[in-house]
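Starting from the given sequences, assemble the full structure and let the hints guide the process.
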Amino acid sequence: MYAKTLDRYTINNALNLLSKDIKKTYGRKAVVEIVIVGGASITLNYSFRQGTTDIDALVSDGLYSIKESVYRVAEKIGLPDDWLNNDFTKTSSYSRRLIGCSTYYKTYNQVLHVRVVKNEYLIATKLVSARKYKNDLSDIVGIINENPKITRKMIESAVTEIYGDVSYVDSEMWDFLDNCFDNHSINDYRNISLMELNNKSKLVHFEAQNEDVLRKDNVDEIIKILNEKGFDSDDKELP
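Note that the working numbering numbers the sequence shown so that position 65 is 1134, with each residue one more than the last.
Straight-line Cα separation of at most 16 Å, EDC-like style, residue types lysine to aspartate or glutamate; simulated pairs:
no.	residue 1	residue 2
1	K1201	E1265
2	K1222	D1234
3	K1092	E1102
4	K1098	D1130
5	K1222	D1247
6	K1201	E1297
7	K1093	E1137
8	K1089	E1144
9	K1271	E1297
10	K1175	E1102
11	K1269	E1290
12	K1203	D1289
13	K1089	E1102
14	K1136	D1150
15	K1136	D1156
16	K1136	E1102
17	K1218	D1251
18	K1293	E1265
No wet-lab data here; the hints were simulated from the structure.
So this is what it looks like as structure tokens:
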């Protein structure tokens, strides 16, 4: 798949073109509302991340199928066909309640209404996904650093509102969050981001040498073993 970083300008340009295609296809009275989550919301609302690989979105309103419009925009500006997708709905972080927790972002050409999940609600989704090889931990730190008014209590309330109970988040992640608030030394976005990149690199090398071993339910344990044993790209087997 063609990989292209979607920065704030590219996201806004793609959404603008999408709205024009929707209007052309369905008319000026068409109404489509989407809710953007994940890395795209971070790119649009914060300064600590410069881009994302795709836009995770929920269609919250509108009976129009926009898939063909998404494809046409992809072809027009050189994006992958799934530059806008709903893959997020297949993850543990998904809840339909996120739509009600979203806030207005922008309307494009009167037909495409965009909302975003951000601040404590976005942190809640990151606490649930908690991938140490993506941007989840650094995203939590970045959001807190740019929003000093966010408190643990606000995040607990967000988790409860979205998922029903604070127990939906693993205790290890609540400990991580406490450290973010209590120990300013851990609020080093760059160091945590580098840790995530390092973990991702190790997993890529490991998976290349060990097919059909890595799974969602064992990835954290494998990362732990790789870090403890000093696995690198030349190793053929799990330490």
